[in-house]
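Chain by chain, the residues run as shown.
There are 6 protein chains.
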Amino acid sequence: MKNIPWQERPKNCNDVMWRYSENPIIDRYAIPTSNSIFNSAVVPFEDGFAGVFRCDNRAVQMNIFAGFSKDAIHWNINHEPITMQTGNTQLVHSDYRYDPRVTFIEDRYWITWCNGYEGAPTIGLAYTFDFKEFYQCENAFLPFNRNGVLFPQKINGKYAMLSRPSDNGHTPFGDIYISYSPDMKYWGEHRCVMKVTPFADSAWQCTKIGAGAVPILTKEGWLLLYHGVIQTCNGFRYSMGGAILDKNQPDKVLYRSQPYLLAPAAPYELAGDVPNVVFPCAALHSEEEDKLAVYYGAADTVVSMAFGRLSEVVKFIKENSLS
Amino acid sequence: MKNIPWQERPKNCNDVMWRYSENPIIDRYAIPTSNSIFNSAVVPFEDGFAGVFRCDNRAVQMNIFAGFSKDAIHWNINHEPITMQTGNTQLVHSDYRYDPRVTFIEDRYWITWCNGYEGAPTIGLAYTFDFKEFYQCENAFLPFNRNGVLFPQKINGKYAMLSRPSDNGHTPFGDIYISYSPDMKYWGEHRCVMKVTPFADSAWQCTKIGAGAVPILTKEGWLLLYHGVIQTCNGFRYSMGGAILDKNQPDKVLYRSQPYLLAPAAPYELAGDVPNVVFPCAALHSEEEDKLAVYYGAADTVVSMAFGRLSEVVKFIKENSLS
Amino acid sequence: MKNIPWQERPKNCNDVMWRYSENPIIDRYAIPTSNSIFNSAVVPFEDGFAGVFRCDNRAVQMNIFAGFSKDAIHWNINHEPITMQTGNTQLVHSDYRYDPRVTFIEDRYWITWCNGYEGAPTIGLAYTFDFKEFYQCENAFLPFNRNGVLFPQKINGKYAMLSRPSDNGHTPFGDIYISYSPDMKYWGEHRCVMKVTPFADSAWQCTKIGAGAVPILTKEGWLLLYHGVIQTCNGFRYSMGGAILDKNQPDKVLYRSQPYLLAPAAPYELAGDVPNVVFPCAALHSEEEDKLAVYYGAADTVVSMAFGRLSEVVKFIKENSLS
Amino acid sequence: MKNIPWQERPKNCNDVMWRYSENPIIDRYAIPTSNSIFNSAVVPFEDGFAGVFRCDNRAVQMNIFAGFSKDAIHWNINHEPITMQTGNTQLVHSDYRYDPRVTFIEDRYWITWCNGYEGAPTIGLAYTFDFKEFYQCENAFLPFNRNGVLFPQKINGKYAMLSRPSDNGHTPFGDIYISYSPDMKYWGEHRCVMKVTPFADSAWQCTKIGAGAVPILTKEGWLLLYHGVIQTCNGFRYSMGGAILDKNQPDKVLYRSQPYLLAPAAPYELAGDVPNVVFPCAALHSEEEDKLAVYYGAADTVVSMAFGRLSEVVKFIKENSLS
Amino acid sequence: MKNIPWQERPKNCNDVMWRYSENPIIDRYAIPTSNSIFNSAVVPFEDGFAGVFRCDNRAVQMNIFAGFSKDAIHWNINHEPITMQTGNTQLVHSDYRYDPRVTFIEDRYWITWCNGYEGAPTIGLAYTFDFKEFYQCENAFLPFNRNGVLFPQKINGKYAMLSRPSDNGHTPFGDIYISYSPDMKYWGEHRCVMKVTPFADSAWQCTKIGAGAVPILTKEGWLLLYHGVIQTCNGFRYSMGGAILDKNQPDKVLYRSQPYLLAPAAPYELAGDVPNVVFPCAALHSEEEDKLAVYYGAADTVVSMAFGRLSEVVKFIKENSLS
Amino acid sequence: MKNIPWQERPKNCNDVMWRYSENPIIDRYAIPTSNSIFNSAVVPFEDGFAGVFRCDNRAVQMNIFAGFSKDAIHWNINHEPITMQTGNTQLVHSDYRYDPRVTFIEDRYWITWCNGYEGAPTIGLAYTFDFKEFYQCENAFLPFNRNGVLFPQKINGKYAMLSRPSDNGHTPFGDIYISYSPDMKYWGEHRCVMKVTPFADSAWQCTKIGAGAVPILTKEGWLLLYHGVIQTCNGFRYSMGGAILDKNQPDKVLYRSQPYLLAPAAPYELAGDVPNVVFPCAALHSEEEDKLAVYYGAADTVVSMAFGRLSEVVKFIKENSLS
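Chains as they are written, first to last, in our numbering: chain A, 1 to 323; chain B, 1001 to 1323; chain C, 2001 to 2323; chain D, 3001 to 3323; chain E, 4001 to 4323; chain F, 5001 to 5323.
Treat each hint with caution, since some may be false.
The calculated lysine-lysine pairs, modelled on DSSO-like cross-linking and capped at a C-alpha distance of 27 Å, are [said to hold, decoys possible]: (1) 3219/D <-> 2158/C; (2) 1132/B <-> 185/A; (3) 185/A <-> 1011/B; (4) 5132/F <-> 4185/E; (5) 2158/C <-> 3185/D; (6) 2158/C <-> 3158/D; (7) 4195/E <-> 5247/F; (8) 4185/E <-> 5185/F; (9) 4291/E <-> 4185/E; (10) 195/A <-> 1185/B; (11) 3318/D <-> 2185/C; (12) 2185/C <-> 3195/D; (13) 185/A <-> 1195/B; (14) 2247/C <-> 2318/C; (15) 1247/B <-> 158/A; (16) 3158/D <-> 2154/C; (17) 1185/B <-> 154/A; (18) 4247/E <-> 5185/F; (19) 4185/E <-> 4219/E; (20) 3158/D <-> 2195/C; (21) 252/A <-> 1185/B.
Derived from the structure by calculation, the hints contain no laboratory data.
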């Protein structure tokens, strides 16, 4: 991929990833009804980019909206939420929708999100060809689940999805699992991929973890950007880490960063509706240009970006891996 | 079915179901290693009966054991737990196993239970032809789940299972869901069947509910015996209720008992390892003889039985149904 | 009062109060629909006795029922709950009703109970002349409140009620307050009467306390029988204590028993729907015959009685009073 | 009323209410002993304005102070807290005092606040003619209660007060009730006015709500500005909404805003002693000039102001009302 | 030791330990003021036996009392609690005292108990020569601590004490530690001895554990009888297990029973002030006669006994040891 | 001491202590691996200053690092954590290390810190002569403990340490105790020094308190700077107070500040990894120059400084003392 949004590493910065100097790229009030816009996903689309955005309105109702951009930094987000048509199910139903991800597989774009079904969160699933017409499919799993992220290609002939089984509240636990499907409707072969770390080994990811961006296939395996959470005496703190999963058997973790890649420190990450949150949901990359651009929600309030060299990020994870 | 275990309603008893006068039928120490035997399932087998029993040992490790009986009241339970061979998976793994149910479908007996996988409870699945050789299959769902109960026949060409998504502790919430599978390996089409009731409507089932015995097909639909829980200031109290589900669309509840059918009152239900528990896991019935015999765990310590006239139980549920 | 129900102190018993040997006097299934009958109140009525009884049905819905007796021990309880007509309000409304008390003042019997209003517990208030027609009045207070108990005569020209402000759950705190009203409609002059004790002083009443029976006027002042609660590692334990309040200024506690008068020890108190509960709601007394007969709920399941010599109980409280 | 403090809507602002550009108007250290000054109330007084202010001192003891202003923006707050004389009671007692409101009725100014009585919060009540001499009355209710707000005139011949029954901690629940009194001493006829909303309908007010400013009589009915709370994974977030209550029967809600009117977004609202708090306690208005000026506590640290057109606010509530 | 209290194993009993048929040996009301007598310790003394007993009075104040017996089964317990003189400290102070143990070392009897110091539980320490005069020493540790148990002889020239660091409530965690002292005043060299087990390995001891009886020196090492706790959905359940510690380095666990030795099953263990408690505090043994007699509190209400063959108990622990 | 870092009180500032205008003095990323640097301790050393710093790395592992400075404001912190050699124990073991204090006694510098032992926090102890070689000693106490602070000289011939017994989580309770040792190995004579205050007396220190800087000997006694915590509805808030302890019997509190000396208000205190934290760990002082310079962690993220006149601080504590 070319035309990837990019800003070089600042002078005197030695970090493996760095923030965009114009952060946040999307303000909380960017559409007329919004209270906050964050935890959103983007992909290359036609000659530019498309995305699915979490916009909470001023009744603090959570919903997902389509948006378009020429440069992947300046976005036009629709003022009306996405409406769904029937995909592989008659069940087109959502009490609420949040934290979308978007994955292109074969011939279409798949959207996963946290879907309110009978008041309980689970993984919603839909596809689109054009970001205008969306086709909702069966929920992937039973409640309670969040952070469903599809791999961008079939693995051993099956679709593969990461997710985080949880409960119905502000869950203080959560590990990453993988599940497979022959048809995007029936799911099985559930395997545990990564668990939270012992406090003493890597405390930023000791309370819960969840998949972030769609995994990126590198020579080393799948690069998974994920969030990890620590519970301080003043609530949860969300940071971003990275892992390398085996190419053909992705429940096998080859490397996993002991240090975080990015953690709340900028003012727009430290203060907002939920202080101290860095929550990645998408990434653009160019292997050719060795670029990685990550989109993350900041403080559950705005969308921000961070950049890194793809090869450096992979190398950093390998060299700083939990044993 | 004939030869159903039976005892007539006591004089002066007007209740729709009544306890067996020789309860408990299985003592907590019935096998040499057991601390308690409860929450167990039985089925007709050859010219008698077979069953799968939850026996916690004196390390309070939970496991399941096969057993046999001529009269369905006096049981010989194996002294060694069930061992598994590979069914449709290489993953023959259980941190722990508890609360089994047994269902005969087509040509074999299917066992479901709460299966510890990576320390997290989910629904284990296995089959047997003879209660000697057991073949473990893929776990049906992601954690966290309990009380998986299969229907005794395919519905609309698919296997159907009830379950209760939950979390990793003594969950104070839980509704009954149904899921379908074409092949006992991949599961989807998850639907909510019944939720807990408002406190003011039927308090004994206001905290959590879970499927109990394998559903029984009657003229009115599927008779589901289930447990309901209320949280008192001294902990949980488990009682048994009944519902009638639509024959062809069993996520549709036709009737559901507002009063309980049986609630803790006998000494062996009020005191034991967990006081105040009536927990049904199996039922034998004869439509011809109009008999229903329910097996339930009492106080998480012993196995007991209760009887009723099948037609009266169905009628009672209809006439005392929650609107 | 004569004809008070009575049984002499057993030989070898040195306790200030003792249990009736035929306890429980009312079984949990005494009326066809009941799951449990407990926490109930009785008064002399015509040539015998009348009462208001808490009967939870088998949907575990809580309601109050009238009943009648010749000897105050054997009771006929109506099979239908009390229905209300309008008293001093149009608001005749109860989500649920439990833990009634009955007080005769001037020309009528007043009933107080815990009344569910908009899902929140507060003090319901009604009167009757004949235990057939009941007239519901304004709720005495805002939610959240329980254990409202009226004094049997006006104090300084005003009606007076004890109550225990609390919250909407299984409240782990609670003190006794008094409030006054000129007209049984508007309430004010709220004063704190008694608080829980420090753990080291009298642990059985260190978590919460609530008024029990209607206060009895003695030469020493008002004798208040109340319940106290300790939280053990297996839940709450409810016992009965006694206090003497100043005759003219009843927010002034003259004496208060450091030891309990009665605590769970009998089998029907140790096991039941809520183990370890002794909960007094009424008392009959004869100053002339020096008799006291207390009615208490046992294990939230049945009604039991305990007896004592009125003078001895008062003396015991004085001599064992918390400083 | 004329002379209302005012600042026009900023250009490019489409919001129904907007912040004062010089916020906060009162700094946390505005008097020598203060740690924070917030949640305070103001009224027109003589040729200027008077107010009652919550000032926590540097021992973080909560108390209320009188203050005066010519323009309602720049305030002189007394350095000593308000002292009380006896009003309709001898009980002049406060463990602590916080969150005052002020209402002019007939001939005097009434102050309500959260009053610590025997360690428990309830509604304190006092009146003054001159903001120099204050006369404390009976607490309006039993504990536990907060956010008592009087209507500025009698309704059907009785005084009327809104309040929020709660418990003794950081209550995670709370609805708005109304109570009436013939004499400001005895209170009754308690009715539920508004409850929290389902999460899916209007999440910002799904955990607890409480009356804010003294209701304003408009042609549509009583305009009630109130606070609503959502519990995020990092604690409570307080926002401001509006409702229209029926003029003659104010427990009847005619309209209620689904979106909030103002929610934490400015730096002084996002950071402070308690982050993410917008808490209205008073409003000035001029129907003639169509102006509304709201005083609110920000982050439990400072006093801020927001403005709106009265007619627009009412219209906004009607057009964005919860069904 | 001879004259050990004893009752042979019942016929048909295959358990390694069995209950005394006349249990409980001490009733809850055995002294005039007692509400309950349990968790108590006995030792051989002169030509009979002496003991220190936990008697909670009817204010549920916890205290310790001396008692004497000829046969170690029938006891005369003093009606007044133990009073203390100064030992190695001026601090003779106890808010409350409970769960005593008694150990004879060299020339005197040492008593340890849970001692309330500034409202916080820690380990109290005293000695006596005659069970009439008691000399209180420095508390062994800082709060919060419980279940301090001394070894009956010095180890490597130092006194040694087991204890369970904990917190100030109904602690849901707790491991056994050992500490050493040159002089019974200053303590150090703290080492972890045993931790709770993973749920899947031995659930009855997965929540907290604490030393029970004074360790018994056998050929295999120190036999430690201890309690283990599991948290069920209806509270804690306390059982008894056994471990063998290295003779010279007792923080080294040689064997530890995976199954329990005794768990609540008898009626007096299942019901009482705290249901489901077996809590050992003392043991008598005769290596010569191969007898072991254990004293344990049942249901926090009474004192009971269980017997076993010393050699069989040691063998059982070795053969059923956690790896 | 001379050369104390210093900045005069700002004009118009009347506070007893004031912040350094260049705060924070140490940035969160001051060493390459750090996520945050805070809660650190400094002492005069040779012709400048040395310190021990808490640096959490980007795996959020907590560790302690040595550092050096000429002016006590600009610091060079080592990039590698402190390594330990054996002091008075073979147990050189730390799961984690945080919140160090440094005290010079007689001939060496003693370091105390919160030390992870078997996963449980307790007080680690080490000494150094040169801040290059460190010698780890026995942990001072059993778990669970935090905030161990040594006095700078023996008291009555014994070493003396303040500490805060606690539990294994984000403890919502905690008082300050003192313990003595003849040899820095065995500890005893534990005494309670100060407890949390009642909410109504001084709310900022009503939840937990802990020693901060090494006590400073003044003419009035030991000046102890400590932290106090209040629990708001959005978590804990840490402020700094001061107390004067008796010179020879330091468990005797002579004076204790009712108001705080410094509380979170600056931006770097209000936002960071844990908002609203002021946590003192060290102080430099010159009695001659009447100067006091305090080092405190801000928001668990950076190190900041505050200044005051030593005599004024003592006077302030005396004049604003809790009775």
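The hints, checked one at a time:
no., hint, verdict
1, 3219/D <-> 2158/C, "41 Å, violated"
2, 1132/B <-> 185/A, "35 Å, violated"
3, 185/A <-> 1011/B, "55 Å, violated"
4, 5132/F <-> 4185/E, "35 Å, violated"
5, 2158/C <-> 3185/D, "13 Å, holds"
6, 2158/C <-> 3158/D, "21 Å, holds"
7, 4195/E <-> 5247/F, "42 Å, violated"
8, 4185/E <-> 5185/F, "13 Å, holds"
9, 4291/E <-> 4185/E, "35 Å, violated"
10, 195/A <-> 1185/B, "24 Å, holds"
11, 3318/D <-> 2185/C, "35 Å, violated"
12, 2185/C <-> 3195/D, "24 Å, holds"
13, 185/A <-> 1195/B, "24 Å, holds"
14, 2247/C <-> 2318/C, "15 Å, holds"
15, 1247/B <-> 158/A, "33 Å, violated"
16, 3158/D <-> 2154/C, "25 Å, holds"
17, 1185/B <-> 154/A, "18 Å, holds"
18, 4247/E <-> 5185/F, "24 Å, holds"
19, 4185/E <-> 4219/E, "30 Å, violated"
20, 3158/D <-> 2195/C, "34 Å, violated"
21, 252/A <-> 1185/B, "22 Å, holds"
The structure fails hints 1, 2, 3, 4, 7, 9, 11, 15, 19, 20 (numbered hints given earlier, in ascending order).
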